Amino acid sequence: MLILIRAVIGRDLRLAMRRQADIVAAMFFFIIVVSLFPLGVGPEPDQLRKLAPGVLWVAALLATMLSLPRLFAEDHRDGTLEQLALAPQPLGLVVLGKVIAHWLVAGLPLVLLAPVLGIQFDLAGDALAVLTLSLLIGTPALSGIGAIGAALTLGVRGGGVLLSLLVLPLYIPVLIFGAGAVDATVSGLGPQAHLSLLGALALGGVFFAPWPTAAALRVALE
Amino acid sequence: MSNRVINWFRYASPQTFYPLAGRLIPWFWALAAIFGVAGLTIGFLVAPTDAQQGEGYRIIFLHVPASWMSMFIYLVMAFWAAMGLAFNTRLSGMMASALAPTGALFAFLSLWTGALWGKPMWGTWWVWDARLTSELILLFLYIGFIALQAAIDDPRRADKAGAILALVGVVNIPIIYFSVKWWNTLHQGASVSLTKAPSMAALMLWGMLLCALACWMYSIAIALMRVRTIMLERERHTDWVRALLAEKE
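Heads up: the sequence lines are chains A and B, in that order. Its first residue numbered 753, the first sequence is counted upward by one per residue in this note's numbering. Its first residue numbered 196, the second sequence is counted upward by one per residue in this note's numbering.
Here chain B stands alone, though its shape is the one from the complex (with noise of 0.2 Å):
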């Protein structure tokens, strides 16, 4: 038991999970590769049309994973960062610096791939209802805890003034996401819950939840490699990077 304690904090020193990382990454992407093209040929070759919304429905299979995945990689960085502040580990801030950029990315595709879908289904490409709005805020606080991070030159206090700001953001997200809820309301309800069967086609739920996990492995990948650049750079004066760079000339 020990043991596997020990473990864990043998990986948050950057020098023990950059191979770490680096072993891990090609994994990811194969899965994430694997994912996306099964959850795409359902999506786009196997599940049916949809009766209401006809073709124009199957903008969903990229639309409700970066939905999700937008707001679970706020959650994942804010914890991030409350480690680093709890901790003082030096990975935790790398990691929820690296987090961000995707988090951001998956903030503009659900706008982007909403406004899509909407303009044939609501006639319009935008509207200010309480789900838009509250996920471009979203959208506002990565670019916030982006532009904080790069304004500050020194690393260290770059990640905890960052993290700090991703814990405040963490506390507002739920009053932010009720207070332009109860301003104005428009959008569907959730066609997915946990409390009862969804409202949709197997099939379709099945290609989502697959392209689901693409965007997944897809977040994970690219932020370890990610955090991999972010911990040679900031570590290029240790001597394992010295090291590594070295053996790779």
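Here chain A stands alone, though its shape is the one from the complex (with noise of 0.2 Å):
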């Protein structure tokens, strides 16, 4: 079991290795909106204190968005996928790994982002490393939540638009305990319990999220 994991991640790291404009293009994407909000608000430092949690938290659903697409479509593309769900091994567990794979490719480089682009909204110390923590305890359920939506729109027409319509609403709790964490730390409340429920949510995710969407790729292979 371990080793299908393994391999599948593997496998899944080393295409996105050879591609890896896509990666960065989704980090720059980041980088870009978080950077155009104190362009659009205005550079007061103390309204950018209050803004930059939900900003880098919203930048980041964002990004993670527009790489999911790329989770199914390539291996639907060139029929590898159907060898994927004709293979004896369970389809859901194929999908965890190219769900971890995704949060590696996708999730990581956003939470070693996030302090640098923090410092750019005046964050103190102890609210930038909530902050990464959050994201890094918040991205892979966006990972195993949006592979849901990513297998129900896999080759739908429209398919990006959809997506998001599918998905951001499923994100809104990952987004309120995200950034509820951050403002928690910032009002002197500390950050426990948005940060439990956080890893509570990434645990569900990620642990359920690989069936539905199981389910949602052997429709779309029908």
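Because the hints were derived from the structure by calculation, they are not lab data. Note that this is a predicted model, so its numbers are computed, not measured. One or more of the hints may lead you astray.
[Stated by the list, open to error] The list that follows gives simulated cross-link-like pairs (lysine to any residue, SDA-like), each with its CA atoms no further than 20 Å apart:
hint : chain 1 : residue 1 : chain 2 : residue 2
1    : A       : 802       : A       : 877
2    : A       : 802       : A       : 916
3    : B       : 376       : A       : 951
4    : B       : 376       : A       : 936
5    : B       : 376       : A       : 920
6    : A       : 802       : B       : 323
7    : B       : 443       : B       : 433
8    : B       : 376       : A       : 881
9    : B       : 376       : A       : 944
10   : B       : 376       : A       : 952
11   : B       : 376       : A       : 927
12   : B       : 376       : A       : 941
[To be verified] Far from chain B by the CB rule (all over 10 Å, computed), these chain A residues:
hint : residue
13   : 774
14   : 909
15   : 967
16   : 968
Virtual Cβ for every residue (Gly too), placed ideally from N, Cα, C.
Since each chain sits alone in its own frame, please combine them into the complex, following the hints.
Set out below in structure tokens:
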């Protein structure tokens, strides 16, 4: 079982490394969206500090969305997905491996970029740490839940826009607790409660999402 | 007993359900009209003016039933979706897609009437309160469901994809609701609950319950009408639809 997951992760990572432009594009999308906000709302540090958690989290949501269609589209086009579905191993585990690989490629870079971007918003040290930690805990949930949407819109007309319509409402709890953790730190309440809930969402999302995703993939492959 | 079981499955086929739905629709319309007229009469002519809210409170005769229906229809839709996935029946998927627009309509109505009520009472059209926000998200979920089904050409695949989405949505609704609730709360507590006596005059409650019944009957009638159209559209290649259409011409 672990061998299967590791094989899928290794394969997806190798494929992603061959097309690094896609990863870099999503990262720069994240950076640009975050940098647009000070230009839009003005450079006052007080205001920016208040906006920072929400802006960074919304930008992370959008950047994840951007990379989701690639999760299954390539494999679907060249028939790999059908072979994976025919394999004796459960499709859910394959999906789990793909979700982990997607997080390593699309989620982890956002986590690593977040502290740098947080400095642009004049966040203090502890708030920066919590922001990074909340993204580290929360982004796996984004990959997990997003996989359901990616599988449902596989090969569907106007898939990209439709994907955001399906997935963004489901992302709302992650956004609330992720940005809430940073807010709670700034206001002195301490982020434990938010981070625990975020962890629960991430575990639940990564554990349960592969099964509806596998079901949706089978529908798409019919 | 076994007879009855067979009967249930008999109506799972579009061919037998189509005439049954046709016979039921006028009854549900009639009930909707009766309950609606009774509820609105009580609501607008009989029920007393509210001590705190004046005449403005009368919007609840539409607002509360619409909110109930918007949530309940999503559950019914998810139920049919689950049935469709479990038993692979054609009719279940049709029912789910027939219910979605009505549910979206009620979610929208609930937000709209809520805004009309909020302006005089709270002094604002919209607040980012837990219940308002989760109702808005419910509307998004309906729209996602409808958009997904509309984007897939093959009806069987559309049904299954929609069903998975509806079930994922149902699992998420409590999570979304509680996350939004802990995030911010301003909306007044529920006025009607099953565990304690309602905090409103009996006449108002009657008016509201009658209006809720009217909304139920309306939803059933309109969903049956929509499912009949969907049946004709999807089963147009079958003999029974051809015979039916030939009869009409």
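List in ascending order the numbers of the hints, as given earlier, that are violated by the structure.
2, 8, 14, 15 and 16
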